[in-house]
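Protein chains: 2
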Amino acid sequence: MAHVVIIGGGFGGLYAAKRLAGKDVRVTVIDRRNHHVFQPLLYQVATAGLSPGDIASPIRWILRRQKNVEVLLETVERIDPARRAIVFRGGAETAYDYLIVAAGATHAYFGHDDWRPHAPGLKTLEDALDIRSRVLGAFEAAERDAVLAGRPAALTFVIVGGGPTGVELAGALAEISKQTLAQDFRHFDPRAARILLLEAGPSILSAFPEPLRAAARHDLERLGVEVRTNTPVTRIGPHAVDAGGATIDASSVLWAAGVAASPLGATLGVPLDRAGRVLVNPDLTIAGHANVFVIGDLASLNGPDGKPYPGVAQVAMQMGAHAANNIVRATEGQPLRAFRYKNFGNMATIGRKSAIGDLPLAQLKGLPGWLFWLFVHILNLIGFRNRVLVMVQWAWAYLTYQRAVRLITSVDSSAE
Amino acid sequence: MAHVVIIGGGFGGLYAAKRLAGKDVRVTVIDRRNHHVFQPLLYQVATAGLSPGDIASPIRWILRRQKNVEVLLETVERIDPARRAIVFRGGAETAYDYLIVAAGATHAYFGHDDWRPHAPGLKTLEDALDIRSRVLGAFEAAERDAVLAGRPAALTFVIVGGGPTGVELAGALAEISKQTLAQDFRHFDPRAARILLLEAGPSILSAFPEPLRAAARHDLERLGVEVRTNTPVTRIGPHAVDAGGATIDASSVLWAAGVAASPLGATLGVPLDRAGRVLVNPDLTIAGHANVFVIGDLASLNGPDGKPYPGVAQVAMQMGAHAANNIVRATEGQPLRAFRYKNFGNMATIGRKSAIGDLPLAQLKGLPGWLFWLFVHILNLIGFRNRVLVMVQWAWAYLTYQRAVRLITSVDSSAE
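Order-wise, the sequence lines are chains A and B. Last residue of the first sequence: number 401 in the working numbering, and the count goes up by one each step with no gaps. Last residue of the second sequence: number 401 in the working numbering, and the count goes up by one each step with no gaps.
One or more of the hints may lead you astray.
When chains are identical, the list treats them as one kind, so a pair holds in a single copy or across two.
Said to hold, decoys possible - Derived pair list, reagent style DMTMM-like, types lysine to aspartate or glutamate, alpha-carbon separation capped at 20 Å:
#: 1; residue 1: K52; residue 2: E125
#: 2; residue 1: K52; residue 2: D9
#: 3; residue 1: K8; residue 2: D82
#: 4; residue 1: K292; residue 2: E195
#: 5; residue 1: K3; residue 2: D169
#: 6; residue 1: K52; residue 2: D82
#: 7; residue 1: K3; residue 2: D227
#: 8; residue 1: K163; residue 2: E211
#: 9; residue 1: K52; residue 2: D174
#: 10; residue 1: K163; residue 2: E125
#: 11; residue 1: K292; residue 2: D268
#: 12; residue 1: K52; residue 2: D169
Quick caveat, the hints were computed from the structure, so don't treat them as lab data. None of these values were measured; they are calculated from a predicted model.
The shape of chain A in the complex, shown without the other chains (with noise of 0.2 Å):
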């Protein structure tokens, strides 16, 4: 029986796991980490939202009825399409007759990785759980510097890149500071913190068309978020950000800006793309490599428009389904297909009764488009539980402006 291997367990991963079920493989899903995290409410996290666990399952369990598919948490450090093999880190081994790649991206910055320290991005569950407790730690300053220092708080919260993630962060950065803690000091004001959303290109959300795009942007500014475009950062230190020939003093800096490709890329030996995406076949084999399927992130092809995909969920998993397809041909020796991809449109939130949402039939905003970005998100959680547990949050959190996670964790133990 063909052994699949596939590396990684984000939506390419998995849906590609899951169309091998029942087929006549048997398939091992390697990640780094026990959990696949629902990537789209990972800023719910890190604005104190929900809770980690709201939005993440283990794989394994996921995964579990599945009897062909094994789980392994390992960290692949590279790959030898020659000898069709995998090399984890420590140096064992493990072989494969098939392979998928969705090792997926983290974050970039541009070369100034001496920014990261001082400007944390947002994929991974520990990044989530880290802005919170920047942001939270910030509110917490400024009530303790008016207190003990008798200075006047002044935050200031700079979000740097106008995508979706940070149009989500700000929103919901607008709405803690002037709803959620409104009340909650004695010293400072709240609803005074200053948010910016810094954004290089000459517009936010540059995926959505125009009307969309200045929606969102009314919305934001409504919610007091200030929204900076033609603005590209020159420096981030630890708390200041050098954008558009001016310095601003920062209480937090979060990132959304850019991302880059899993280095695992580079060890299959194949040309890459300018951001360091495999470049692929039409039926995201690699050259000269049949059996490894390149997938999600980490792919770079183009659509019949001449562009290339973009690395959002939807394309990752339908190449996951697609490259899964293409290996259940490949051993009833039938010839490969190309992908193509279906839009089913995009979506961004930008708080309590405003989103945006680019679909095939129609162009939502304000309050129809939040209606269906909740009824999307919650469709789409895995599992009974996590979906009713996030629907008694949202409801609660509709109800009430506040937001319930609000911990700040990992705080400095040594006083114990």
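Using the hints, position chain B against chain A.
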């Protein structure tokens, strides 16, 4: 208006603050962490049953409606009763008219601090997440060894200390290995994991009457836990425990054996007991300072039976309320009253459908004990939202035998 400072946002500090609502005093609650933890359910976070956010709430949020209270996130370094001042780490100070010290306790390794890295204790959310990662990680490592090294996987969990926390951890670990994970691995049988509960004394749960102790031990053994009494631990290494004259190979060791009072007590300059707890007068003040109260796990006071009050939530809550009442009396020029403890009973849970309760009017065990335990714990959780969330998750866990929050976080992410 008199300024009351409360150090610590645990049960004692919180109940003191609440009792001072609407009184003619100004209250400052100081804690190193921004959240109150519902300690009795901390073991459920450690064993993947609940999320941190389900059992913890921001202290600031709990007290948000109480206009005479402010909350400060700060680390107290020492207390200077002669100057009526509190000194924070870094040197800033705050003055008080009345002080309630409710700084609690932490783990104690009986002089063996080198055991700490190998045998984490359970006092904070971070502790609970650390234990969760170690326990789940041990199962993942067993599968990895079986696949990559071809070694048979042998899992042994050792819990040191047979008090309520040790019993709860042992019962939950047994359920995880025998039920939750039973179907999730392909290369070893999680049900074969050994769970050892080591107790130095002649009996587990020594605070309970004999019939309940026996019932608890019976239920633990039915779950597959090996209970070893009269088995003091003499050494803990990276993966080994010396106990009762033998060396036990252990995948993970958990510490539930001892607590030590907060070092803050020693800075008061008054006599301590052998465990480092502050000897308090019957009215909960300390010698020489009628305006300083010490309560909860940090206080040492004997009851009418000549035995010291135990370090449990109930004692802390009642002491907190009593100290607050005494402060109000002092501001009104009335004499202070002696503390009297009203014991509503002790409980410990072993697992599904099994708990013991030593109540004033009845002794409960088995299913009735468990139902009563559920009722009491849901009732005492702070906040409607937390109650609903915990109920939903317990219902789901009861129906499915699953534990949902099986996340291994804080993994080494250097390979990003």
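The hints, checked one at a time:
1. K52 / E125: between (50 Å within a copy, 18 Å between copies)
2. K52 / D9: within (11 Å within a copy, 67 Å between copies)
3. K8 / D82: Cα proximity of K8 and D82: one copy only (15 Å, versus 74 Å across).
4. K292 / E195: within (19 Å within a copy, 75 Å between copies)
5. K3 / D169: Cα proximity of K3 and D169: across copies only (16 Å, versus 46 Å in one copy).
6. K52 / D82: within (19 Å within a copy, 67 Å between copies)
7. K3 / D227: For K3 and D227, neither the intra-copy (46 Å) nor the inter-copy (46 Å) Cα distance is at most 20 Å.
8. K163 / E211: within (14 Å within a copy, 54 Å between copies)
9. K52 / D174: For K52 and D174, only the inter-copy Cα distance (15 Å) is at most 20 Å; the intra-copy one is 56 Å.
10. K163 / E125: Close inside one copy (15 Å), not across copies (44 Å); limit 20 Å.
11. K292 / D268: Within one copy only: 17 Å inside a chain, 77 Å across chains, cut-off 20 Å.
12. K52 / D169: between (51 Å within a copy, 10 Å between copies)
Taken one by one, the earlier hints fail for this structure only at number 7.
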